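Number of protein chains: 2
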Amino acid sequence: MKLTSITGLGVVGASMLESFKNISDSPVETNSPRFNMSGYAAPRLKTVRIGFIGLGNRGIRAVNRIPHIEGVEINAICDLRSDKVDAANKALEKAGQKPDTYRGGMEEWKKVCERKDIDLIYITTPWELHTPMAVYAMNHGKHVCVEVPAATTVDECWQLVETSEKTKKHCMMLENCCYDFFELLTLNMARQGLFGEIIHCEGAYLHDLLDQNFSKSYYADFWRLKENYTRKGNLYPTHGLGPVCQVLNINRGDQMDYLVSMSGNDFMMNEKAKSLAKADPFYNQFVGKSYNGNMNTTTIRTKKGKTIMLQHDVTSPRPYSRIHLVSGTKGTAQKFPLPGKISFGHDEWAGAEDMAKLEKQFTPPIVAKIGEMAKRIGGHGGMDLIMDWRTIDCLRNGLPLDQDVYDAALWSAIWPLSEKSLASRSNSVDVPDFTRGAWRSNTPIDLSLSKGGTTKVI
Amino acid sequence: MKLTSITGLGVVGASMLESFKNISDSPVETNSPRFNMSGYAAPRLKTVRIGFIGLGNRGIRAVNRIPHIEGVEINAICDLRSDKVDAANKALEKAGQKPDTYRGGMEEWKKVCERKDIDLIYITTPWELHTPMAVYAMNHGKHVCVEVPAATTVDECWQLVETSEKTKKHCMMLENCCYDFFELLTLNMARQGLFGEIIHCEGAYLHDLLDQNFSKSYYADFWRLKENYTRKGNLYPTHGLGPVCQVLNINRGDQMDYLVSMSGNDFMMNEKAKSLAKADPFYNQFVGKSYNGNMNTTTIRTKKGKTIMLQHDVTSPRPYSRIHLVSGTKGTAQKFPLPGKISFGHDEWAGAEDMAKLEKQFTPPIVAKIGEMAKRIGGHGGMDLIMDWRTIDCLRNGLPLDQDVYDAALWSAIWPLSEKSLASRSNSVDVPDFTRGAWRSNTPIDLSLSKGGTTKVI
Chain A
1 MKLTSITGLG VVGASMLESF KNISDSPVET NSPRFNMSGY AAPRLKTVRI
51 GFIGLGNRGI RAVNRIPHIE GVEINAICDL RSDKVDAANK ALEKAGQKPD
101 TYRGGMEEWK KVCERKDIDL IYITTPWELH TPMAVYAMNH GKHVCVEVPA
151 ATTVDECWQL VETSEKTKKH CMMLENCCYD FFELLTLNMA RQGLFGEIIH
201 CEGAYLHDLL DQNFSKSYYA DFWRLKENYT RKGNLYPTHG LGPVCQVLNI
251 NRGDQMDYLV SMSGNDFMMN EKAKSLAKAD PFYNQFVGKS YNGNMNTTTI
301 RTKKGKTIML QHDVTSPRPY SRIHLVSGTK GTAQKFPLPG KISFGHDEWA
351 GAEDMAKLEK QFTPPIVAKI GEMAKRIGGH GGMDLIMDWR TIDCLRNGLP
401 LDQDVYDAAL WSAIWPLSEK SLASRSNSVD VPDFTRGAWR SNTPIDLSLS
451 KGGTTKVI
Chain H
1 MKLTSITGLG VVGASMLESF KNISDSPVET NSPRFNMSGY AAPRLKTVRI
51 GFIGLGNRGI RAVNRIPHIE GVEINAICDL RSDKVDAANK ALEKAGQKPD
101 TYRGGMEEWK KVCERKDIDL IYITTPWELH TPMAVYAMNH GKHVCVEVPA
151 ATTVDECWQL VETSEKTKKH CMMLENCCYD FFELLTLNMA RQGLFGEIIH
201 CEGAYLHDLL DQNFSKSYYA DFWRLKENYT RKGNLYPTHG LGPVCQVLNI
251 NRGDQMDYLV SMSGNDFMMN EKAKSLAKAD PFYNQFVGKS YNGNMNTTTI
301 RTKKGKTIML QHDVTSPRPY SRIHLVSGTK GTAQKFPLPG KISFGHDEWA
351 GAEDMAKLEK QFTPPIVAKI GEMAKRIGGH GGMDLIMDWR TIDCLRNGLP
401 LDQDVYDAAL WSAIWPLSEK SLASRSNSVD VPDFTRGAWR SNTPIDLSLS
451 KGGTTKVI
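Chains as they are written, first to last, in the numbering used here: chain A, 1 to 458; chain H, 1 to 458.
Copies of one chain are not kept apart here, so a pair can be met inside one copy or by any two copies together.
DSS-like cross-link-like pairs, simulated, lysine-lysine; straight-line CA separation at most 27 Å:
| hint | residue 1 | residue 2 |
| --- | --- | --- |
| 1 | Lys-357 | Lys-369 |
| 2 | Lys-111 | Lys-94 |
| 3 | Lys-330 | Lys-226 |
| 4 | Lys-116 | Lys-46 |
| 5 | Lys-274 | Lys-289 |
| 6 | Lys-278 | Lys-330 |
| 7 | Lys-226 | Lys-272 |
| 8 | Lys-289 | Lys-330 |
| 9 | Lys-456 | Lys-375 |
| 10 | Lys-226 | Lys-278 |
| 11 | Lys-90 | Lys-110 |
| 12 | Lys-289 | Lys-278 |
| 13 | Lys-116 | Lys-168 |
| 14 | Lys-90 | Lys-216 |
| 15 | Lys-304 | Lys-274 |
| 16 | Lys-330 | Lys-274 |
| 17 | Lys-304 | Lys-289 |
Rather than coming from a laboratory, the hints here were simulated on the basis of the structure. In this text, all values refer to a predicted model and were calculated from it rather than measured experimentally.
Full structure from sequences and hints, please.
Printed below as a string of structure tokens:
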């Protein structure tokens with residue numbers, strides 16, 4: 001599969017350079033947006049008709065989850081690989097859905113976007129395809145849910161923003177970690193003022209994917225490994241970043257100002273390639289590549305003087321962590337390296353009994369409503385189902401989505417911006433304001449279910 | 001007490017500017033050192049004769065600890081405040097020591113340095129006095145132990161280096177955290193290769209000192225609070241940094257290359273001043289000051305492509321943390337936010353039973369020798385006594401000290417260097433090589449007690 005032939009964006013290296021170039025060409029915030037998608041409520045849909053593009057790791061799981069939600073109709077599924085299509089089709093038939101199937105051709109996905117009987121395109125393909133597919137779908141009148149990261153260059157981020165504003169179609173990035181239980185709990189507590197004013201947050205994606213990246217079957221045609229030797233920086237920033245941006249009301253009351261990014265060398269990936277190549281000459285093609293540094297640390301400052309420390313390491317033998325630290329003038333929360341803890345002073349973290357009390361007292365309405373059901377159905381412990389349910393429920397009730405196109409663009413932009421900082425000896429880089437100044441008056445997201453919440457989970 | 005009148009270095013703001021200026025004027029590494037103090041063993045001393053300068057918070061504790069070590073003679077103690085001198089003298093008399101006392105005058109400390117019957121000056125005074133006192137002591141033929149940070153500007157760092165090289169006197173910064181139990185354990189394990197090649201480390205000083213900083217008695221004449229509104233950046237970098245620099249063999253096989261630093265705003269200190277001033281107009285003098293940002297994150301890259309993430313927050317209501325993360329190609333260790341954990345894979349941290357086994361198997365020789373005794377005598381749980389014992393034992397056996405003047409200079413320099421980065425929108429700043437290239441051949445420190453360890457603890 002030659003990705004670049006589909007996107008028409010040229011080789012990855014070239015698109016990287018484009019992203020650098022385009023930062024200075026970006027619209028400045030003195031231009032007001034053509035249409036502000038933050039808080040935008042699209043006309044309500046009684047039934048949400050969905051087309052799925054990409055039926056690999058993330059896609060098949062979504063296909064298995066989403067029929068549990070009331071009011072969805074899956075009308076099309078698409079993948080290059082016939083076996084993936086068959087597997088998804090079989091699962092959907094069991095769930096009473098009868099989608100048309102698209103397979104094989106490099107342009108088949110466009111047919112899904114062009115159908116008249118679809119409201120939402122759900123994109124779970126390799127990273128380089130996210131923006132081209134999302135833009136095409138919106139331009140054909142479809143709302144979009146797109147896997148993380150939504151974009152791989154700053155230029156792509158602006159393409160998403162401008163297309164969503166022009167078409168008035170939602171472009172929601174599927175940042176599922178915003179719907180994990182401790183993240184929802186801390187957001188709810190932050191909203192209720194328990195941490196006081198937030199001073200500093202941390203997020204991360206520390207997840208050892210070394211074996212998966214070098215697997216012949218896990219990521220089709222080694223697409224993720226290739227990203228790791230053609231690009232640099234924090235390639236996967238959104239899981240740690242999304243939840244803390246919501247706590248900090250980024251794009252909605254505060255905005256990122258500038259960032260600095262630093263990577264060390266690669267100590268893991270080339271060694272892995274060399275080790276595999278000893279037993280299997282196939283792997284010689286991956287020896288001596290210019291791999292991304294194993295550990296990246298990016299620090300972001302906001303207009304209101306808060307900071308975010310964000311890390312990325314997908315190769316070192318470390319226990320999984322997204323850190324999820326929220327530090328405020330009255331208290332602190334931290335999820336990793338051990339189960340979520342909260343403190344309201346400098347002496348110690350709340351013990352198990354106090355934590356249970358806090359969790360009970362501050363259970364977010366969305367968790368109270370479908371948390372148990374979500375845990376039963378699953379998807380990263382339940383958060384994926386909560387995310388899908390919330391999205392469908394908002395579309396069915398004509399409510400704004402929690403994550404709009406500005407979030408998709410900004411959270412994804414950390415990748416190319418971190419790359420730009422690295423290219424200049426970690427000097428600071430201004431973060432584009434994708435809301436073009438609207439962050440000052442945009443209102444924070446509503447997870448309180450003060451509206452909506454009517455959709456059933458089956 | 002007007003500190004600047006003693007040091008003759010001018011107002012703090014001016015010395016800050018000096019430090020900026022002096023970075024570019026610094027000796028470059030193509031000049032070999034006049035004398036390489038790394039690994040230098042001074043002539044052995046059967047008895048180590050000590051003079052103490054500064055008998056406040058840290059001083060009185062040292063005075064209480066050190067007589068437990070064989071072969072020391074405390075010949076002089078000095079403080080501006082007569083009550084502090086009396087208290088220290090009383091404690092020393094009980095311990096069978098008969099020091100001469102110096103008090104009151106602003107130049108009394110110089111008399112201690114000028115005595116012929118002293119080998120080691122132990123300096124525990126406010127930060128601004130550390131370098132002037134250490135330099136004066138070395139110039140009068142004395143070894144020096146000096147509290148952290150050893151210097152407050154890059155110029156002072158070079159003063160320490162040049163004076164130590166010229167006089168061949170040890171200048172050891174009292175970085176006690178290098179001698180804490182988990183730090184010693186991870187250093188020992190790192191040396192034995194258990195973490196593989198180290199990729200990334202983290203350290204921090206997250207310690208809520210808000211009440212102490214605004215106390216009328218805790219820090220004499222609010223000296224530490226004043227540092228927090230006349231200076232910026234990571235004002236206190238060494239506790240988190242020292243132990244990971246030893247793990248990374250910084251100054252001894254690797255060297256820092258450049259750093260970036262970012263702070264948020266102050267959300268705590270001015271609010272505290274305003275709140276105190278409501279009840280006590282005395283505090284009006286501290287309202288509206290330009291306080292250092294509460295949270296500082298500094299990231300450092302080494303010549304060999306490793307990274308260090310270092311944080312400083314002395315005001316937020318967070319549980320104490322120095323993080324102490326060591327991440328390598330084979331394993332990971334992390335001490336905070338919960339008790340020290342080790343992992344050799346990506347699945348999970350070792351449980352209590354496995355941790356106990358690891359601690360037993362890899363107990364460092366220094367801990368096996370005096371760990372239990374140190375815990376009994378105390379000082380931050382024992383680490384202070386281990387540090388003092390090791391220092392005295394090296395001096396008595398004619399061995400190099402674990403922390404030399406290059407460590408004192410480099411670890412302290414992070415403060416002014418972080419300040420410089422902050423002043424240029426967090427752009428990167430080159431770190432001076434205080435070893436002037438000798439880091440390439442300097443050998444790692446020896447905590448194995450393959451030599452020394454003969455001094456008794458009483």
